[in-house]
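2 protein chains.
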Amino acid sequence: MAILQLLLKENLFLRDPQETELGRKIVQDSIMMIDELGFEKFTFKKLAQRIDSTEASIYRYFENKHRLLVYLIAWYWNWIEYRIDFGTQNIDDPKRRLEIAIRIIAEKKEKDASFPQIDEEALYRIVIAESDKTYLTKQVDEDNKEGLFRGFKSLCGKIASYILEINPDFEYPHSLVTTALQTGHQQLFYAEHLPSLSNFKKSNGDIYKQNEDFLKQLVFNAIHA
Amino acid sequence: MAILQLLLKENLFLRDPQETELGRKIVQDSIMMIDELGFEKFTFKKLAQRIDSTEASIYRYFENKHRLLVYLIAWYWNWIEYRIDFGTQNIDDPKRRLEIAIRIIAEKKEKDASFPQIDEEALYRIVIAESDKTYLTKQVDEDNKEGLFRGFKSLCGKIASYILEINPDFEYPHSLVTTALQTGHQQLFYAEHLPSLSNFKKSNGDIYKQNEDFLKQLVFNAIHA
DNA sequence: ACCTATTTAAAAGTATTACTATCAATTATG
DNA sequence: CATAATTGATAGTAATACTTTTAAATAGGT
Chain A
0 MAILQLLLKE
10 NLFLRDPQET
20 ELGRKIVQDS
30 IMMIDELGFE
40 KFTFKKLAQR
50 IDSTEASIYR
60 YFENKHRLLV
70 YLIAWYWNWI
80 EYRIDFGTQN
90 IDDPKRRLEI
100 AIRIIAEKKE
110 KDASFPQIDE
120 EALYRIVIAE
130 SDKTYLTKQV
140 DEDNKEGLFR
150 GFKSLCGKIA
160 SYILEINPDF
170 EYPHSLVTTA
180 LQTGHQQLFY
190 AEHLPSLSNF
200 KKSNGDIYKQ
210 NEDFLKQLVF
220 NAIHA
Chain B
0 MAILQLLLKE
10 NLFLRDPQET
20 ELGRKIVQDS
30 IMMIDELGFE
40 KFTFKKLAQR
50 IDSTEASIYR
60 YFENKHRLLV
70 YLIAWYWNWI
80 EYRIDFGTQN
90 IDDPKRRLEI
100 AIRIIAEKKE
110 KDASFPQIDE
120 EALYRIVIAE
130 SDKTYLTKQV
140 DEDNKEGLFR
150 GFKSLCGKIA
160 SYILEINPDF
170 EYPHSLVTTA
180 LQTGHQQLFY
190 AEHLPSLSNF
200 KKSNGDIYKQ
210 NEDFLKQLVF
220 NAIHA
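Protein chains in written order, with numbering that gives the first Met the number 0: chain A, 0 to 224; chain B, 0 to 224.
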């Protein structure tokens, strides 16, 4: 299997962490640490101790910890878009493309050998628990102007276009896609922590299958209205 | 119009803020301040300065600022449940009850004269931008054990029961309700800050009507599957 | 191999945050 | 009117989120 690198650009970092050993360690170990501690308790100081470096060195790669989170989440959405592009190659029927996209969104995330640097399982837990915090801030408008959310928008636009191919009259393609993307994370979080808020149950079998089933129902029923 | 008080209990506070002048000022002014500054920039110190009191005094009502946020969000969900109870009085048809609930969830929130203490418009903006932060934490399981999310669960259970009356075979009533509740906020946030992620547009008229329309489609199409 | 530019480590410093503690002044209650 | 509860004033602490400076290590070009 070929080893790949997602090209993340713009203002997602000060210095590209994929280019240096230290940068790669920052990304790798921050994924482990945010997963373990949660974003609130995670600090650059703790990360520096863990990777035997210093706060000041980390600040040369990322302006602050919020930007690092935005970077990780952007990486994740780029990865998902790549997987959807890959999985829908040579498939013409937009319904099947949409089905594949939903499956990829809903499914369990396992290590992707194409990206040995990144622990996708840990990153997925971060996405579930922390990704909303990237934009639920007072600086969202400035961050947006800087293009920090381009990866998410791109993915959303792609899937919305499948929906419009299926039903050009559907009024809310983007809203439906963002709803599905968000819901996929939310229900997994509830299933784990607030089970009375979800009907996904481990006792009903594979929780990711239930996720896929629910999202498919939600999306396809909405489109054919 | 009668003046009411929602009874919030348990571990939502150390000392009931509805019982004293200072407590009511804490709640009122924290709503204004969190709305203005965002939850991250909001501190008890700033609040104390604003209400001419001290940090230590505020800490006697709420353990920390996270608990205060949880309190405000719990108040909001209790208020919504009260409005739905009120609005569905004497209505037997579960479809109509569900429609009313969706309308109440989606609609613009205006000052409720029954609760003169609370600025519901500002509180609604807080709910949209900050409510997910109440449970997206590492302490969610302990907070849940303490019953902090009871108000939200109660509302969710109520609307899920309408859905089961309409279609007893529907497999995901709670998931559908939480999806709708979350989506209602998310789409309004996107419409304001990340408009390419939503199809709600101010140029299409009343944004809250679009919200209601989208949620109705989503929910009713899902149920009748 | 050597010079120079860049990168990193080490250390220290600052303002702010999220609390906790103490004690005196004020206010409510019986 | 006495006493208990509440609040205000003040101070203090550990941690956070940075910034700055300087020196050491490393890399790249000739």
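It is possible that some hints are incorrect.
Stated by the list, open to error - DSBU-like cross-link-like pairs, simulated, lysine-lysine; straight-line CA separation at most 35 Å:
{"id": "1", "chain 1": "A", "residue 1": "Lys45", "chain 2": "B", "residue 2": "Lys64"}
{"id": "2", "chain 1": "A", "residue 1": "Lys40", "chain 2": "B", "residue 2": "Lys137"}
{"id": "3", "chain 1": "B", "residue 1": "Lys44", "chain 2": "B", "residue 2": "Lys94"}
{"id": "4", "chain 1": "B", "residue 1": "Lys64", "chain 2": "A", "residue 2": "Lys144"}
{"id": "5", "chain 1": "A", "residue 1": "Lys137", "chain 2": "B", "residue 2": "Lys94"}
{"id": "6", "chain 1": "B", "residue 1": "Lys94", "chain 2": "A", "residue 2": "Lys200"}
{"id": "7", "chain 1": "B", "residue 1": "Lys44", "chain 2": "A", "residue 2": "Lys208"}
{"id": "8", "chain 1": "B", "residue 1": "Lys94", "chain 2": "A", "residue 2": "Lys24"}
Calculated directly from the structure, the hints in this document are not laboratory data.
Results of checking the hints against the structure:
Between A/Lys45 and B/Lys64 the alpha-carbon distance is near 24 Å, which keeps this suggested pair within the 35 Å criterion. Pair hint A/Lys40 plus B/Lys137 holds up; C-alpha atoms about 9 Å apart against a cutoff of 35 Å. For the hint pairing B/Lys44 with B/Lys94, the CA-to-CA distance comes to about 48 Å; that exceeds 35 Å, so the pair is violated. Pair hint B/Lys64 plus A/Lys144 holds up; C-alpha atoms about 30 Å apart against a cutoff of 35 Å.
Proximity of A/Lys137 to B/Lys94 is assessed by CA-CA distance (about 38 Å); at most 35 Å being required, the pair is judged violated. Taken as a hint, the B/Lys94 and A/Lys200 pair is honoured in the structure, with Cα atoms around 27 Å apart against an allowance of 35 Å. Proximity of B/Lys44 to A/Lys208 is assessed by CA-CA distance (about 48 Å); at most 35 Å being required, the pair is judged violated. Taking the CA atoms of B/Lys94 and A/Lys24, the gap is near 55 Å; set against the 35 Å cutoff, the hint is violated.
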